[in-house]
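J.: To get the working numbering, take the position in the sequence shown, counting from 1, and add 201.
Don't read these hints as lab results, they were simulated from the structure. One or more hints might be untrue.
[To be verified] Below, computed lysine-lysine pairings styled on DSS-like, alpha-carbon distance capped at 30 Å:
| # | residue 1 | residue 2 |
| --- | --- | --- |
| 1 | Lys815 | Lys507 |
| 2 | Lys841 | Lys815 |
| 3 | Lys815 | Lys986 |
| 4 | Lys986 | Lys807 |
| 5 | Lys475 | Lys685 |
| 6 | Lys841 | Lys507 |
| 7 | Lys475 | Lys507 |
| 8 | Lys986 | Lys669 |
| 9 | Lys711 | Lys815 |
| 10 | Lys275 | Lys507 |
| 11 | Lys669 | Lys841 |
| 12 | Lys507 | Lys711 |
| 13 | Lys669 | Lys507 |
| 14 | Lys711 | Lys669 |
| 15 | Lys669 | Lys807 |
| 16 | Lys669 | Lys475 |
| 17 | Lys841 | Lys807 |
| 18 | Lys507 | Lys685 |
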Amino acid sequence: MKELPNKKRSSLADEDKFVCLMHPHIRSAEAENCPICGMHLVPEAGKETAGHAHHHGHAAFGHGKTAPSGGYDKVPIGWEGPVYTCPMHPEVRQTEPGACPLCGMGLEQEAGSAAEEGPNPELTDFTRRFWVGAMLTAPLLVLTMGPYTGLAGVREIFGERTTLWIELLLGTPVVWWSGWPFLVRGWNSFRTMNLNMFSLISMGVAAAWLFSVAAVLAPGMFPDGFRDAEGHVGVYFEAAAVIVTLVLLGQVMELRAREGTGRAIRALLDMAPKTARVIRIGGQEEEIPLDEVQVGDRLRVRPGDKVPVDGTVLEGRSSVDESMISGEPVPVEKVESSSVTGATINGTGSLIIEATRVGADTMLSQIVDMVAKAQKSRAPIQKYADKVAGWFVPAVIAVAVLAFAGWAIWGPAPALSYGLIAAVAVLIIACPCALGLATPMSIMTATGRGAQAGVLIKNAEALERFEKVDTLIVDKTGTLTEGKPRLIAVLPEPGHDEAEVLRLAATLEKGSEHPLAEAIVTGALERGIGLGDTTEFDAVTGKGVQGRVDGHAVALGNLRLVADLGLEAAGLTATADARRDQGETVMFVVLDGAVAGLVAVADPVKETTPAALKALHDLGFRIIMATGDNERTARAVAGKLGIDEIRADVLPQDKARIIRELQEQGRSVAMAGDGVNDAPALAQADVGIAMGTGADVAIESAGFTLVQGNLDGIVRARRLARATMRNIRQNLFFALIYNASGVPVAAGILFPVFGILISPMFAAFAMSASSVSVVLNSLRLRGVKI
202 MKELPNKKRS SLADEDKFVC LMHPHIRSAE AENCPICGMH LVPEAGKETA
252 GHAHHHGHAA FGHGKTAPSG GYDKVPIGWE GPVYTCPMHP EVRQTEPGAC
302 PLCGMGLEQE AGSAAEEGPN PELTDFTRRF WVGAMLTAPL LVLTMGPYTG
352 LAGVREIFGE RTTLWIELLL GTPVVWWSGW PFLVRGWNSF RTMNLNMFSL
402 ISMGVAAAWL FSVAAVLAPG MFPDGFRDAE GHVGVYFEAA AVIVTLVLLG
452 QVMELRAREG TGRAIRALLD MAPKTARVIR IGGQEEEIPL DEVQVGDRLR
502 VRPGDKVPVD GTVLEGRSSV DESMISGEPV PVEKVESSSV TGATINGTGS
552 LIIEATRVGA DTMLSQIVDM VAKAQKSRAP IQKYADKVAG WFVPAVIAVA
602 VLAFAGWAIW GPAPALSYGL IAAVAVLIIA CPCALGLATP MSIMTATGRG
652 AQAGVLIKNA EALERFEKVD TLIVDKTGTL TEGKPRLIAV LPEPGHDEAE
702 VLRLAATLEK GSEHPLAEAI VTGALERGIG LGDTTEFDAV TGKGVQGRVD
752 GHAVALGNLR LVADLGLEAA GLTATADARR DQGETVMFVV LDGAVAGLVA
802 VADPVKETTP AALKALHDLG FRIIMATGDN ERTARAVAGK LGIDEIRADV
852 LPQDKARIIR ELQEQGRSVA MAGDGVNDAP ALAQADVGIA MGTGADVAIE
902 SAGFTLVQGN LDGIVRARRL ARATMRNIRQ NLFFALIYNA SGVPVAAGIL
952 FPVFGILISP MFAAFAMSAS SVSVVLNSLR LRGVKI
């Protein structure tokens, strides 16, 4: 396994035939597991499908073409129907239900793919096979268990030989029809050498059935080691039938439980309304399907209706319930120019909105897409389970062989029969299904739960890392504060007019998208001040802006910009400091080489920030505020909020440097921010947290996205991360302890002391119960309070 620089890949393309779908730079000449995410590498030809943006089953390429995949992704490009994937191997994708070629597990519908009407076809099939198997197994048990239940006369009525033939006739359909899916998956696992739980089940069931058939057809061929005191060779049709029936029962219960992991994302998909009410030119209104809505359409949202798409309010006033995307139960007031999100619920007022994002671009669609991707990702802890499972099946087969040999050599009569029972029990009880399900089931459930609470998880690795984070760095503007600054004051120097100073500042800033610039421009317009023209505009990173306004050289920024211009602002420094002590941001206005005055802007702290910071402290975070603001302003805000440490006058590149320094000190660092300039720091941090109200590049760089953009979303994310990792550890512990203790007991280690030898039937029940218990434990995350 190796990572190759881009410039070297082409020369070794023939050598490297396998690639990781999640990490394309990981390439190998062998079909092994990715060292980063643990995902099974796929043939090079199949990697082209990794980048296709499937959304609700739609691909980014032309309809009808076939994906050039020689690997495990069999979904044609442009496929619009349901897609089935394996929860343990998400690189396996196909258009029809079936079994995973790697682990044998039944495929389930991929979250976010086009919904298919009707029940899970595998669940329906397994349920039918289970009931048929149960009806045939019940009389079989009556026949074989008769001597132990007071029904000894049953065998006497039919006779010994006839009873054996009846057992064969009852047990064979259970094994070969009810258990057919397990036998096929077991055979495929040996054929492809992807050994899995069905390898063990098929071996155990086939061994018991073949031995029993031979005992009925040719009992004379068996040595004395297989005969009891009366000279009879025991048959195990009832064991094979009960194993199949119990495994089917376990699979049915597991499939039903697994359906719950995707319930959250299906609920999100169902939230979108099916139609929208469009207002045509001339005022006529028409109800149209949602997929016909275009950007720019004017839509009416009546009281009680769901908002059809993302948009901006043109007319009206109402309160909108946004709890489905933010987790916040309090409705949000919407007025003219407010933004609204598709699938949120309008209150008692009527709104007319303009559609700004439709189809796959809406926030709901992006949430579904992000959750679907996260559910297919793997946590680093999964690689340990994968390593164990990789050698577990061959080791179990070896233990089964040794158990048979041990019983054959040292066991009491009939030693070989005891040995066969022990070997079959070992094969059945040791199935590693619970171990394989331990992590992916928890991740799938947790990502759906997070989406319901307004916490979007990019991948499982971020979830695992966030549990261990001890330091949180937060930006000020848009994170601690509302991100909507307001102009507070304009203080001109003698000889300059207040309106003139504000006009110069607003004209220079009118082309900027920075929140502080917007506040200055809005303040000027509200005061009725007309703006001029700007030329030679230049933004000085971390310091301010400069240019020419109506032919005059104008600059606007902090003291560092003033110093760079070779100027002093001694007359206004004390005034500026006093305002910074109140938490205001102060900028100096320079006109033709002289300071003309200053403007003061304040950004109110979000109502949710104080309580969220207290909760974050209680959860063990050390909180550092990193901001480009002056230190006095930063200290004023930090002092009010109880922040542990501040880093002021920080340039965008400094945030990433600060994170590196903390990491070198052994800290695990999370960074929360919302701006374009936060993206490098978000990427550098152990966990990046983007505000959903911020820039797209920040969201792309982060491991978590908070839909509402409030710090209390970080509280939810931390609680969810802790609950998820605790749940995964519980699953892994029980799965490992179960297998570690079950295998030696099944092999007969307790027999010499206690005379206990468990039957293959009990082993089948225990194996199924372990898998179901892991899934049910994972589903508890659906109700966790965060």
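J.: For each hint, tell me whether it holds in the structure or not.
T.: Right, here's what the structure says about each hint:
For the given pair, Lys815 sits about 35 Å from Lys507 by alpha-carbon distance, which is inconsistent with the 30 Å threshold. Only pairs whose Cα atoms come within 30 Å are accepted, and Lys841 paired with Lys815 is accepted, the gap being roughly 12 Å. Our distance criterion of 30 Å between C-alpha atoms is met by Lys815 and Lys986, whose separation comes to about 18 Å. As the CA atoms of Lys986 and Lys807 are separated by approximately 23 Å, the hinted pair is consistent with the 30 Å bound.
Proximity of Lys475 to Lys685 is assessed by CA-CA distance (about 34 Å); at most 30 Å being required, the pair is judged violated. For a cut-off of 30 Å, the pair hint linking Lys841 to Lys507 is broken: about 39 Å separates their Cα positions. Of the supplied pair hints, the one linking Lys475 and Lys507 holds, its CA atoms being roughly 10 Å apart against a limit of 30 Å. Our distance criterion of 30 Å between C-alpha atoms is met by Lys986 and Lys669, whose separation comes to about 19 Å.
Between Lys711 and Lys815 the alpha-carbon distance is near 38 Å, which puts this suggested pair outside the 30 Å criterion. For the suggested pair Lys275 and Lys507, the alpha carbons sit about 37 Å apart, so the restraint of at most 30 Å is broken. Taking the CA atoms of Lys669 and Lys841, the gap is about 28 Å. The hint holds against a cut of 30 Å. For a cut-off of 30 Å, the pair hint linking Lys507 to Lys711 is broken: about 36 Å separates their Cα positions.
Our distance criterion of 30 Å between C-alpha atoms is broken by Lys669 and Lys507, whose separation comes to about 39 Å. Restraint check for Lys711 and Lys669: not satisfied, since their Cα atoms lie roughly 44 Å apart, outside the 30 Å limit. Annotation: proposed proximity of Lys669 to Lys807 holds, straight-line Cα distance about 27 Å (limit 30 Å). For the given pair, Lys669 sits about 42 Å from Lys475 by alpha-carbon distance, which is inconsistent with the 30 Å threshold.
Distance hint between Lys841 and Lys807 is fulfilled; the C-alpha atoms sit about 12 Å from each other, no more than 30 Å. With a C-alpha separation of about 27 Å, the suggested pairing of Lys507 with Lys685 holds against the 30 Å cut-off.
Hint check: violations occur at hints 1, 5, 6, 9, 10, 12, 13, 14 and 16; the rest are consistent with the structure.
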